[in-house]
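Sequence order for the protein chains is A and B. Our numbering numbers the first residue of the first sequence as 236 and each following residue consecutively. Our numbering numbers the first residue of the second sequence as 1364 and each following residue consecutively.
Check each hint, because a few of them may be wrong.
[Unchecked claim] Within a straight-line C-alpha distance of at most 25 Å, the following computed DSS-like cross-link-like pairs (lysine-lysine) qualify: (1) A/LYS273 with B/LYS1542; (2) B/LYS1455 with B/LYS1389; (3) B/LYS1555 with A/LYS250.
For the record, the hints were derived by calculation from the structure and aren't laboratory data.
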Amino acid sequence: MPKLTIDGKTIEVAKGATLLEAAQQLGVYIPRYCYHPKLSVSGNCRMCMVEVKKAPKLVTACSTEAAEGMIVRTDTENVKNARRDVLEFLLINHPLDCPICDQAGECGLQDYYMEYSRAKSRFPQEEKVRRGKRRAVGPHLMLDNERCVLCTRCVRFCSEVTKTSELEVMERADHSYIDLKEGRALDNGYSLNIADICPVGAFTSRDFRFKQRVWFLKKTPTVCLGCATGCLTEVHHNENTVHRIVPRPNAETNTWLCDHGRMAYRAVQAGDRLAKGVIKNGLIDLEPALREVASRIDENHASAAVLGSPWLSVEDNAALARLAADALKTENFCFDFKAEQGIKDGILINQDPAPNTAGAALIRAGRGGLTLEEFARRVADGRIKVIVTEARAAAFIKDAVKAAGARLIVFATNKAEIPAGAYATLPYACYFETPGTFVNYQGLKRRAAPAVEAREGVKPLWAMVNKLAVYSGTSLRLDCAEDALKGIEF
Amino acid sequence: MESILLKDKVRGLEGYFAAGGYKPLKKALALKPAEIIEEVKKSGLRGRGGAGFPTGLKWSFIPKDAEGPRYLVCNADEGEPGTFKDRELILKNPHALIEGMAIAGYAIGAAHGYIYIRGEFTAEAALLETAIADARAKGFIGRNILGSGFNFELFVHRGAGAYICGEETALLESLEGFKGQPRLKPPFPAVKGLFGSPTVINNVETLAAVPAIMERGGAWYAVIGAGKSAGTKLFCVSGPVNKPGVYELPLGVPLRDLLEKSCGGLKAGKKLKAVIPGGSSTPVLTAAEALAVNLDYESLTAAGSMLGSGAVIVIDESQCMVKLLQVLARFYHHESCGQCTPCREGCGWIEKLLNRLEDGRGTVKDIDTLYSVADGMMGRTICPLADAMAMPVMSFVKKFRSEFEAHAAGRCCPSEAPGKH
Chain A
236 MPKLTIDGKT IEVAKGATLL EAAQQLGVYI PRYCYHPKLS VSGNCRMCMV EVKKAPKLVT
296 ACSTEAAEGM IVRTDTENVK NARRDVLEFL LINHPLDCPI CDQAGECGLQ DYYMEYSRAK
356 SRFPQEEKVR RGKRRAVGPH LMLDNERCVL CTRCVRFCSE VTKTSELEVM ERADHSYIDL
416 KEGRALDNGY SLNIADICPV GAFTSRDFRF KQRVWFLKKT PTVCLGCATG CLTEVHHNEN
476 TVHRIVPRPN AETNTWLCDH GRMAYRAVQA GDRLAKGVIK NGLIDLEPAL REVASRIDEN
536 HASAAVLGSP WLSVEDNAAL ARLAADALKT ENFCFDFKAE QGIKDGILIN QDPAPNTAGA
596 ALIRAGRGGL TLEEFARRVA DGRIKVIVTE ARAAAFIKDA VKAAGARLIV FATNKAEIPA
656 GAYATLPYAC YFETPGTFVN YQGLKRRAAP AVEAREGVKP LWAMVNKLAV YSGTSLRLDC
716 AEDALKGIEF
Chain B
1364 MESILLKDKV RGLEGYFAAG GYKPLKKALA LKPAEIIEEV KKSGLRGRGG AGFPTGLKWS
1424 FIPKDAEGPR YLVCNADEGE PGTFKDRELI LKNPHALIEG MAIAGYAIGA AHGYIYIRGE
1484 FTAEAALLET AIADARAKGF IGRNILGSGF NFELFVHRGA GAYICGEETA LLESLEGFKG
1544 QPRLKPPFPA VKGLFGSPTV INNVETLAAV PAIMERGGAW YAVIGAGKSA GTKLFCVSGP
1604 VNKPGVYELP LGVPLRDLLE KSCGGLKAGK KLKAVIPGGS STPVLTAAEA LAVNLDYESL
1664 TAAGSMLGSG AVIVIDESQC MVKLLQVLAR FYHHESCGQC TPCREGCGWI EKLLNRLEDG
1724 RGTVKDIDTL YSVADGMMGR TICPLADAMA MPVMSFVKKF RSEFEAHAAG RCCPSEAPGK
1784 H
């Protein structure tokens, strides 16, 4: 456990810790481009140079191990000059196209220039090295070689995290550039992380480009519902529109975020977003739709059933459980979903595509209910004739419903989710618009927080359930999402 | 003074035998590895590639308890402008290198050695292949060498033309099949080198000196030369001298003697202006400084330059220092590996500044910028390539500023007709 002094402050750090990590623990910020805590140390940007007493030259904080008794300074003239020089070197061949660059506002060159340099350029514009501009390098990424500072974070990400090695530094000296290896594309399923870790505007997201200046974005911490991994995320939005999702790095689950998870927000603003009910194939206002559904339930009261969903929050599943027990007063309900849990690609993507299989199990533990097999059997043999469920969960009993011709009443956010042959569909607010709790594959409870407001008339699922119960003559007295949770170990 | 390295008639195995070749190997194999390292330490032999690090000490850095293989690598990627000594040595005395490697391999416990030779050295590589085959046929290379139980395989690996691969860790990357880019140190190659194993990397000239040290003893070698700069050194002289070429002389020889006695002085009508004493990356010396300096590690350091690879580049009054530096800058700009920011961007910037001055578009401000760009590169990169660019720039500007100012004022240097090169 070496003890060292950085800028006059002493700290003891774990053996093997670098000067940069030690400084971080002390709250001393050392600027960096190539260093990334989750990637190998490359030491090429030379931005993190610090002064170590008795060392003949400045050393890179990212690669130098802390040693007993080291006296480190990050605030000397020598260090400041080195930072200023590196920034000057990085900027001489930079196109300075900030006004049209999407990175502006969150750019390592802009930020560090303001913090550490502010020097006037000594380099004539016409002598700049020109490189390739905007070029699509995959389904999600655009590459602008001219803005690149060659920190190689992207190269290391592809070789160390996804292990797909699509990228390489071509050529030498100031004619070096990042490029795809021949015949490759950046389509490894995690490519948008590269836009995040790129400290400049070289890699930008094709999805996010030109949608919004980053300083207008508001940030809402939430959780990804793309699979059972339950990565922590941050939704960036403005004026009730979601613009992008980025990971919220945490020790338990994720540093990165997969492309699939990042694109999940698109459904929120998609053209097929439901704000009304659907009966068979026809759109219908919400109130008549609810009335119609209620009467279908009432006429088959003895054979109506509720199937929960691993895509719904714990609260909304609990509301569905209340619907079954207190409004339909039936034993025909099921919160039994079994799915293989665990990371399937060695990075983040889970074998279980549903985000809340573990959360549904909590409902089953508190309220009981049928097994999924038994539920399907009762549908198949006609004991269950009307099923209220969530659109994607209907797939679990698809064959039985088809065989027996049961009536399917589903909750859905988008038209594309509606299963074939559904009798009625009711809209609800998705979890970008309403809060909810999800339990990931590790058993961690994570909160989805609303970033935007739902379209007028679109209500959370628990509120829809409440209404549906009223229409069929019972009050569940649900005033908020948590009301349904009573009696559930949570 | 007799030559230790550059001998005549030893290129073939027969000639090498006649001169007592491969006896030192036999002698070495009877010793313990530690005894060989001790002998080399005693000799005072220092790395001839440029850095001058004590060879015996370098060998002793190989961890004694390290598991797995160890490697010996010979750096024959001779690419520094002005340097052509290793090529000459390989052509004249290839078996000295092969024998030196076998002894070094035995000393550090390596069963495999690689000679990483500059790609352009086609004939030299072929010659080495033949020499190794001959040595193998006689049992000096291969399994159970001379019945000692020591196995040593030797391979020639040709580079692909990058100057940076002369830097030892870039060489290792290249040898492993990757793009030649220097590695971060530590870990040093002695701990984690080729294929992640302990590795010693020595220059051709260093390894070729080992058989003589084995044969005649470290104490004998240590007496040659000047103090801490022991032994002989190959000096390759280029420029307007009467007899340019490679000369083997004891370290500590006055530069004046090398020029006047060995090289027969400057060509008629030429007047000495400056000397780059140790290859293009070392700081330039003015004529006065050059004629007062001795060629050994310490004297040249004291004179503000370096012994480097022993490449003595002679510059006479008719040559333009700005033009010369422009040529060097073009080289380093082309050869920077592009990894570290200061070198990647700085080398190009320096070349552009020199182009402006050479083309008559430069200003006095450009001269100051030139110096400060070099200063900003110095000592701030993973490997010394940035320093290799910065040192000549800073010394040229400091010592020959008037020529740069003449260019900035729209004239060429004073020694030439205006506006012409």
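field: 25 Å limit on alpha-carbon distance, applied to hinted pair B/LYS1455 and B/LYS1389
entry: holds (22 Å)
query: Is B/LYS1555 within 25 Å of A/LYS250, Cα to Cα?
result: holds (19 Å)
- prompt: A/LYS273 and B/LYS1542: Cα distance at most 25 Å?
  reply: Since the Cα atoms of A/LYS273 and B/LYS1542 sit roughly 23 Å apart, the hinted pair holds (cutoff 25 Å).
Of the numbered hints given earlier, the model fails none.
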